[in-house]
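Protein chains in written order, with full-length UniProt numbering: chain A, 1 to 259; chain B, 1 to 257.
Worth flagging that the hints you see were computed from the coordinates, not collected in a lab.
Hints may be right or wrong, so weigh each one.
Claimed, not checked - In the DSS-like style, the derived pairs of lysine-lysine whose C-alpha atoms are separated by at most 27 Å in a straight line are:
| id | chain 1 | residue 1 | chain 2 | residue 2 |
| --- | --- | --- | --- | --- |
| 1 | B | K138 | B | K222 |
| 2 | A | K21 | B | K222 |
| 3 | B | K175 | B | K87 |
| 4 | B | K87 | A | K15 |
| 5 | A | K114 | B | K138 |
| 6 | A | K190 | A | K211 |
Remember, predicted model here, so these are calculated numbers, not experimental data.
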Amino acid sequence: MTQAAPPKIRIRGLKKSFGTKTVLAGVDLDIYPGESVVVIGGSGTGKSVLLKCILGLLEADGGSIEIDGEEVVGLRGRRREEINRSCGMLFQGSALFDSLPVLENVAFGLLARKEIDRKEADATALRTLAQVGLDASVAGHFPSQLSGGMQKRVALARALATSPNIIFFDEPTTGLDPIMADIINNLIVKTTRDLGATALSITHDMASARKIAHRIAMLYQGRIIWAGAVAEIDDVDDARVNQFIHGRAEGPIQMTVEV
Amino acid sequence: MGALQALGRFTLGFIGRTGRLVLFAGSGVAHCVRPPFYWRNIVRQLIEIGYFSLPVVGLTAIFTGMVLALQSYTGFARFSAEGAVAKVVAISITRELGPVLAGLMVAGRIGAAMAAEIGTMRVTEQIDALTTLSTNPKKYLVAPRLIAGIIVLPLLVLVANVIGIFGGYLVSVFKLGFNPATYLQSTVAALTTEDVVSGLVKAAVFGFLITLMGCYHGYHSKGGAQGVGRATTNAVVSASILILCFDYILTELFFAK
Ligand SMILES: Nc1ncnc2c1ncn2[C@@H]1O[C@H](COP(=O)(O)OP(=O)(O)OP(=O)(O)O)[C@@H](O)[C@H]1O
Ligand SMILES: [Mg+2]
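Take the sequences, apply the hints, and build the full model.
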């Protein structure tokens, strides 16, 4: 990774609260071109909120997010749409359109750009489906007819079909069996490499993080408390990071368990 | 003090919600007139709202026409004005009962379904997904529904008018012993263009209100299945109340000279 280049995404002091509840309390994070960064952190720490703020799906309360040097906090309208065009997003719950068959789900982003016709879009969609290991026989199925793992793969295909140069993956392997999780991890590594894309992923799964990340950042209490290369994570002094990567209930991180 | 505070909070909340609704309606209408248009979605909604509402609206209309003939016959007998039955049926159906009852039936059917569908899309993040796929969700989801509602409700009401008047005819001719030809003649003589047109304008407004409420409550639903359920109820209740309220306003505009 040549870190001399300016970051693709530069986040400074990002804040977001819901009512009185502060979720992000000043996040700083740089993601360099072609890099794959994984954000880890406990449930409910605001990882999904972070992604939604970057994509403009939620409005940040304060701070700055620059994509390719352009400030996107508070950006709306046409310019925001143009920036989102270069982004792909895999949602935590897949978020497939359940009124449309698989093929149309995957072709959706391609057709929305109005640059190619339906036939070309369908061909690209089928090719992307093949990349994620799904053949043409599922193309006509509706999302509700697929298993959770297949839905994830369709959602992955949908995120990749437009060849985005920034891709966000929100918990791509949660809820999958270990083998399918590994298949998805490999797909993410391979497809982002093939596209030369910059990737920001979220996961609680350390095996998955080690596999897909160049760098890992840990979000805790609304801030990034540690960020560094994958190889360094086992030598970190921070007790909170240690607790998380080894998955121990005892330690400085106290999960509030509501009864 | 407590009561005053509560009143203040209620007023502010009400103004806030109304403002949000008006903004939503405004941006929805703006998307209706600015390209791109999602023709496929518009056609789908036309069929969903129009074609599939035909049985409900038709049944409502025929019974309304029948009951109207019977009621006005027995009621008017007191003033020996039974001859007015055809006129009463024709005018009440076209001006008032056709649009209002069709509107209320469609509000129940479509308002609920629309709020549930869009609400589910909201809570499962499909609306966010649209945004990330270079598609404006209001243009894709809201505008086609508004357009379809405005176009299709007048058509439904036209059908309801015909069926309702036919219902009145059936009862008058076969039960009350009116002469078929005279009955039809007095129906045609009673109707003015204004009666029919005012009813159709009402229908278009109701179509807008029904789809707007379905979209609005669905679009802003939160909190999983329960939130979607609440959105569904709110859509139907608010659409029904707005229909009755705008029915008065429009009648006032048309006829109170
Ligand atoms: N639209 C919203 N309105 C109110 N609160 C929200 C909203 N979205 C998220 N939150 C709150 O923000 C916090 C962080 O949510 P988020 O979904 O980002 O968690 P997460 O880190 O992705 O967790 P998980 O790993 O379980 O997905 C949660 O406590 C949640 O209640
Ligand atoms: Mg999440």
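Now the hints, each set against the structure:
For the hint pairing B:K138 with B:K222, the CA-to-CA distance comes to about 17 Å; that is within 27 Å, so the pair holds. Simply put, A:K21 and B:K222 have alpha-carbon atoms about 17 Å apart, close enough for the 27 Å limit, and the pair holds. For a cut-off of 27 Å, the pair hint linking B:K175 to B:K87 stands: about 17 Å separates their Cα positions. Using a Cα cut-off of 27 Å, the hinted pair B:K87 and A:K15 is violated, with the two alpha carbons roughly 68 Å apart.
Using a Cα cut-off of 27 Å, the hinted pair A:K114 and B:K138 holds, with the two alpha carbons roughly 18 Å apart. Using a Cα cut-off of 27 Å, the hinted pair A:K190 and A:K211 holds, with the two alpha carbons roughly 11 Å apart.
When held up to the earlier numbered hints, the structure conflicts with hint 4 and nothing else.
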